[in-house]
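Novice: Sequence:
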Amino acid sequence: MKILQVGKFHPIIGGVEKVMFDLTSGFAARGIDCDMLCANNDTTVRKLTIKELTPRNRIIICPTWKKLFATMISPAMIRELKHRCNEYDIIHIHHPDPMAALALYMSGYKGKVVLHWHSDILKQANLLKLYKPLQNWMIGRASVILGTTPIYIKESPFLKSVQDKCTYLPIGINEIERNEKAVQAIRNQYPGKKIIFSLGRLVEYKGYKYLIDAAKDLDDDYIILIGGSGPLRDTLQAQIDANNLNSKVRLLGRVSDEDLPNYYHATDLYCLSSTMKTEAFAIVQIEAMACGKPVVSTRIPGSGVAWVNADQESGLTVDVCNAKALSDAIRNILGNTELYDKLAKGARARYENVFRKETMIDRCLDIYGSLNG
Numbered sequence: 246m247k248i249l250q251v252g253k254f255h256p257i258i259g260g261v262e263k264v265m266f267d268l269t270s271g272f273a274a275r276g277i278d279c280d281m282l283c284a285n286n287d288t289t290v291r292k293l294t295i296k297e298l299t300p301r302n303r304i305i306i307c308p309t310w311k312k313l314f315a316t317m318i319s320p321a322m323i324r325e326l327k328h329r330c331n332e333y334d335i336i337h338i339h340h341p342d343p344m345a346a347l348a349l350y351m352s353g354y355k356g357k358v359v360l361h362w363h364s365d366i367l368k369q370a371n372l373l374k375l376y377k378p379l380q381n382w383m384i385g386r387a388s389v390i391l392g393t394t395p396i397y398i399k400e401s402p403f404l405k406s407v408q409d410k411c412t413y414l415p416i417g418i419n420e421i422e423r424n425e426k427a428v429q430a431i432r433n434q435y436p437g438k439k440i441i442f443s444l445g446r447l448v449e450y451k452g453y454k455y456l457i458d459a460a461k462d463l464d465d466d467y468i469i470l471i472g473g474s475g476p477l478r479d480t481l482q483a484q485i486d487a488n489n490l491n492s493k494v495r496l497l498g499r500v501s502d503e504d505l506p507n508y509y510h511a512t513d514l515y516c517l518s519s520t521m522k523t524e525a526f527a528i529v530q531i532e533a534m535a536c537g538k539p540v541v542s543t544r545i546p547g548s549g550v551a552w553v554n555a556d557q558e559s560g561l562t563v564d565v566c567n568a569k570a571l572s573d574a575i576r577n578i579l580g581n582t583e584l585y586d587k588l589a590k591g592a593r594a595r596y597e598n599v600f601r602k603e604t605m606i607d608r609c610l611d612i613y614g615s616l617n618g
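Reminder that position 284 of the sequence shown reads as 529 in the working numbering, one-by-one numbering, no gaps.
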């Protein structure tokens, strides 16, 4: 069996690209033939780049002509897939990526197709109008459609008529390793404080204005650390300043890959305040759970976020756009030792049972096997 993962871009920036790479590298580690075909995120690079993971596993990075509607326009992807497609028994397309779907459509490939439905297209309404016929073709062409959670697959309006060929493949990650000295150094910056951590782009759908508002209802022994950069940084800092919350909320800016594991381990609780279905899964939740940290997250209609963080098992879930509900949940967990211990153990157990990288790879191979059975 030889597999090709197709979609998005390289280097890895977001969750979709990370899942693609983790599947490709995970299969490579098991001696399974699997390549990855994607566009180059750097539009100044004009040549095809091939990176070898092993002599039998490659990342094929196609030059990009232009970025348009958050999509890398790469005619080279069409050419490469058409040239290579017959080498593969299964092509695994990661959605949403109109370029990947167009490349498959133009390739003439006749084999099995797995469509990995990471999320609906929500923000790019104009793109969806253009892309919908191709999306509908892609849905019909797929042998099986994978969601990251059962909820998202069930609730997607685009998949209502094809539920019989839908299943789900939860995202899995490796252990989050830590540097004990670095963890202690972070805690030493906030002596005596209960640390709440959140991470993400500083954009509207992350709901950080509600998390900052929640700090008003927390005592002085709480500190909220928000990692990440984005266009709302100045607005959020102004909100912090206007409400005299600088002792309770810190915007950390971008947290380096080296420092990030230490922040997860240093924190007492992780909080996800997102408000829109754009947040489909939130890998940050399982990163926190892998470190044995309880999670407070929101119940976003149609999203899989609240399935990932099981209420009363790995954390607590609350209504969206509700600062009081966030602060109440934070206090309930951090003010109750018995509840905290239960949810911390539950978070780690849920990671162990559902969200390990090896579990994701095993389940994906089972799905591939069912197509060839």
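Some hints could be false.
[Claimed, not checked] Straight-line alpha carbon distances no greater than 35 Å define the calculated DSBU-like cross-link-like pairs of lysine-lysine that follow:
1. K438 <-> K399
2. K368 <-> K602
3. K247 <-> K590
4. K327 <-> K438
5. K312 <-> K263
6. K410 <-> K438
7. K355 <-> K426
[To be verified] Here are the in silico distance ranges between beta carbons for each label pair:
8. M246 <-> A487: 23 to 31 Å
9. D479 <-> S501: 18 to 26 Å
10. R478 <-> A427: 36 to 44 Å
11. S406 <-> K292: 40 to 48 Å
12. D465 <-> K312: 44 to 52 Å
13. E422 <-> L497: 18 to 26 Å
14. E597 <-> G276: 19 to 27 Å
15. K292 <-> K355: 26 to 34 Å
16. T299 <-> K405: 57 to 65 Å
17. S406 <-> K312: 28 to 36 Å
18. L497 <-> G614: 21 to 29 Å
19. P300 <-> S406: 37 to 45 Å
20. Q429 <-> L616: 48 to 56 Å
21. A427 <-> F403: 39 to 47 Å
No lab work stands behind these hints: they were computed from the structure. Quick reminder that beta carbons are idealized off the backbone N, C-alpha and C, glycines included.
Novice: Hints first: check each against the structure and report whether it holds.
Specialist: The hints, checked one at a time:
no. : hint                      : in the structure
1   : K438 <-> K399             : violated (41 Å)
2   : K368 <-> K602             : holds (29 Å)
3   : K247 <-> K590             : violated (39 Å)
4   : K327 <-> K438             : violated (57 Å)
5   : K312 <-> K263             : holds (20 Å)
6   : K410 <-> K438             : violated (49 Å)
7   : K355 <-> K426             : violated (54 Å)
8   : M246 <-> A487: 23 to 31 Å : violated (58 Å)
9   : D479 <-> S501: 18 to 26 Å : holds (22 Å)
10  : R478 <-> A427: 36 to 44 Å : violated (24 Å)
11  : S406 <-> K292: 40 to 48 Å : holds (42 Å)
12  : D465 <-> K312: 44 to 52 Å : holds (45 Å)
13  : E422 <-> L497: 18 to 26 Å : holds (20 Å)
14  : E597 <-> G276: 19 to 27 Å : holds (25 Å)
15  : K292 <-> K355: 26 to 34 Å : holds (30 Å)
16  : T299 <-> K405: 57 to 65 Å : violated (41 Å)
17  : S406 <-> K312: 28 to 36 Å : holds (32 Å)
18  : L497 <-> G614: 21 to 29 Å : violated (44 Å)
19  : P300 <-> S406: 37 to 45 Å : holds (43 Å)
20  : Q429 <-> L616: 48 to 56 Å : holds (49 Å)
21  : A427 <-> F403: 39 to 47 Å : holds (44 Å)
Going through the hint list in order, the structure does not satisfy hints 1, 3, 4, 6, 7, 8, 10, 16, 18.
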